[in-house]
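Participant: Each chain is listed here by its residues.
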Amino acid sequence: MYEQFKARAVGVSAEVFRFVTKSAALSWLLAFLQKEGLADTPQTSALWAESSFLDGLDVDALKMIAGLKFEVTRELAAEARFGISQMDWALADTGSLVQNSTAMEQRLVSSLSTIHIALVPTAAILPDMPSLLSRMNPKENPYIAMITGPSRTADIERVLTIGVHGPERLVIVFVDELGGGF
Amino acid sequence: MGNEFKESITRAVNNANLTGALGKFSEAYKVNRAKAYEGIDFEELRGRIAELKSYAASHLDELSEQFTRNAEASGATVFRTSDPAKVREYILKVAQDNNVKSIVKSKSMATEEIHLNPYLEEAGIVVGETDLGEWIIQLAGQTPSHMVMPAIHMTKEEVSDLFSKEVNERLSSDIPRLVKVAREQLRPAFLAADMGISGGNIAVAETGSIVLMTNEGNARLVTSLPKIHIALVGIEKLIEKYADVATILKALPRSATAQLLTSYVSIITGPTPNSDGSMKGLHIILMDNRRSEMAADPKFKQALQCIRCASCLNVCPIFRLVGGHVFGKVYTGGIGTILTAWFDELKKSEDIQGLCIQCGACKDVCPGKIDIPELIMEIRRRLVKENGLPLLQKTIYAVVNNRKLFHGMLRAASIAGKPFTSGTFIRHLPLFLADLTDGRSLPAIAAEPFRDRFKKIKQPKLKERAVFYAGCLIDFAYPEMGEALVKILNKAGIEVFFPEEQTCCGAPARYNGAYEVAENNAIDNIKALLSVDATYVISACPTCTVALKHEFISTFESVGQAEWMPKARILAEKAIDFATLVRKLVGEGRLTLKEGQKLGRLTYHDSCHLKRTLKVSAQPRELLQKAGYELTEMFECDTCCGMGGSYSLKLPEISAPILQRKLKNIKDTGAAVVAMDCPGCVMQIRGGMDQDGADVKVRHTAELLAEQLDM
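As given, the protein sequences belong to chains A and B, one line each in that order.
According to the working numbering, the first sequence is numbered sequentially starting from 885.
According to the working numbering, the second sequence is numbered sequentially starting from 454.
Keep in mind the hints are simulated off the structure, nothing from the lab.
Hints may contain errors.
[As the list claims (entries may be wrong)] The calculated lysine to aspartate or glutamate pairs, modelled on DMTMM-like cross-linking and capped at a C-alpha distance of 25 Å, are:
1) A:Lys947 - B:Asp729
2) B:Lys680 - A:Asp1012
3) A:Lys890 - B:Asp729
4) B:Lys633 - A:Glu963
5) B:Lys680 - A:Glu955
6) A:Lys1023 - B:Asp986
7) B:Lys944 - B:Asp986
8) B:Lys633 - A:Asp1012
9) B:Lys488 - A:Glu899
10) B:Lys694 - A:Asp1012
11) A:Lys919 - A:Asp944
12) B:Lys1051 - B:Asp986
The whole structure should be built from the sequences, with the hints applied where relevant.
Facilitator: This is how it looks when you write it as structure tokens:
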């Protein structure tokens, strides 16, 4: 299902990567942020919302990296270039990511940032929408958010243009070791 | 039709930007939509949607109550009303109670329907549209021209002019740059807004959830950043079960924009905490505004199966020429015509219902399985019932209603040797007696109609019998098509009978809303055609065949004619179109065509009624190929030729460019012959080809096959 997911997601301009271990994913992620200009100035910072990926990691050490922040506020989210969050599910047949986004901070980092980096447990890939809905009860998940590719519009002359109100880039990082599929 | 309306059409068809953008989009849409639906059984899917939406339409009250209960249990406030004025007042009150200064909106047709923005603005509240297309038209002071793509009628140059004024800086027309400007301009508005207003794509009764879909991401911001969120939802968006969300999500993005899924889907069930820890004020307004009345109407109830994808606009040959503004200010295109008649008033649809050429392209793609052309005809019928026919049409149908008088006049026209050019009365007879030659030559009325020629045909006595229903065009303009048909059927061992009392099929009257005239035509024809005991009633005109097979029955249903219904059903059983019967005869070995002929290249034009109502498209192609023609498909082979019976007389400004498009597609194949199965299409296309001067023969399949019978 990973291959199907990847083909679909790439088809809608998402970037898809996969790592076996958390540490491999983390070092790739940090290198990616550096390469894309992470710094502690407005419009270059990164905001990382609460995620199980961080469990067991030395977050204090990560906080030492200039521009990488973990306290999500509206103000910081509005000026962050990178938003990092973890998704609960992925749908293979449409290349979509799904999250219980009830916590505002999860929505802030994934909707206001220019580059959204989505961490996903590889085992959380489901075949399709019906299999998702049977697992996500809306009463227990007041705000279910699905994300399929970056923000897009074709409102001017039907020309597909990426990045209107949401992120211009969606970088999806699958991590086998994250477990998932709860 | 009013002059103002006619002028708006002329302006639209002469707007190269508009027709260019819409034309390109409609061509790409068909291809992309097909791709998006690859591997999906569309008929099965839309069957499920129709079923679940139809169930909802029959249980609007129940589902509204269930939705309210569940949404309120989750902490939302639900306001139900049937009155648009109450919706506006409610929203303003919530805004004023919470000291709201500015509002951001994501796209909502329901708010357009109740003209919400000007109302709030008058109260001193700043209202900002955030969907890029909506923002563009808000800046331009216009209304949306398409339900899904509101600014599709504008060029990037026009957008850059608007944005330049907004940011006080001369911008280029580079689209990515313009999009960035929108992002930068609207971001502060999102962050500062006190209230967000959205629509709702789906409302789930079982859970009290609303589902929002966008590509730009604006609905996520509208529902997240401000402390208050109001969702305005028309009750036709209600569905019963949460699991059915998947069914709608499967069809809506595919049909709307040929996407597998929109970039963002949010399912919101009750309020969530704001970033300062307070709870969001979530208000959901369930608006009726005549939807319940619609649900109670046996004909129009199915219109509530609409999921607002706008695919009926995207495939409409008229819409792509005139765009949305000709249709009015809110809902546009096929479904828009129906919604305007209800949510606004029947009278408002008087002009726009006339735009529909009844080609059926929308019915084929509608994911809610709505028979849009049929509902537009029903609007026509009700308008005629309410207002009566215009005097001129009344006079015409008085003639068509009287077979002897009608046929006498057609004969008179043939004596004159050419269509009458004076006398408003005859000149405006339906179909072919008009002096309209703009872009198309009209056939002379045949010197000897088929009904006279038929008597001279010597037929052998054969054991099987078929009744031939000629229809006006073959009878009086193209008798040679009828002769070809007789020759072919005789060869297959079928004797042809032609009851003389047969008359106009009633389609012209029906398509103009004069159902009582169509009813009389139907009864006359039933009497005539069942007067001979035969296996088949065959027609070489698809419009006539549709009348015999389906429309006599539905006309009787509409006018409450029960007496003739059983016979109408018998006739419907016997009725068959030329291509289907002949294909069957060839398949059974009762008819053979000459072997090994090399007749050169041919292209085939699918007539609307044959392809989409009778579902016949392979049969004529197989027959023509068997006869020795090499088939080259044209682009958009099944797009309407613009004839539409009297449509081409009433709206020549639309009919003519549709014809030009068809002629170009035919010529582009390089084929020397274009075949079709409808005499109306022959009249339109042959006339167009004649004026165009291109050396392409325009023939009815019957004529081509009659030349290739194995003697």
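Participant: Taking the hints in turn, state whether each one holds.
Facilitator: Do the hints match the structure? See the list:
| no. | hint | verdict |
| --- | --- | --- |
| 1 | A:Lys947 - B:Asp729 | holds, 23 Å |
| 2 | B:Lys680 - A:Asp1012 | violated, 33 Å |
| 3 | A:Lys890 - B:Asp729 | violated, 37 Å |
| 4 | B:Lys633 - A:Glu963 | holds, 16 Å |
| 5 | B:Lys680 - A:Glu955 | holds, 21 Å |
| 6 | A:Lys1023 - B:Asp986 | violated, 67 Å |
| 7 | B:Lys944 - B:Asp986 | holds, 20 Å |
| 8 | B:Lys633 - A:Asp1012 | violated, 33 Å |
| 9 | B:Lys488 - A:Glu899 | holds, 22 Å |
| 10 | B:Lys694 - A:Asp1012 | holds, 18 Å |
| 11 | A:Lys919 - A:Asp944 | holds, 22 Å |
| 12 | B:Lys1051 - B:Asp986 | violated, 40 Å |
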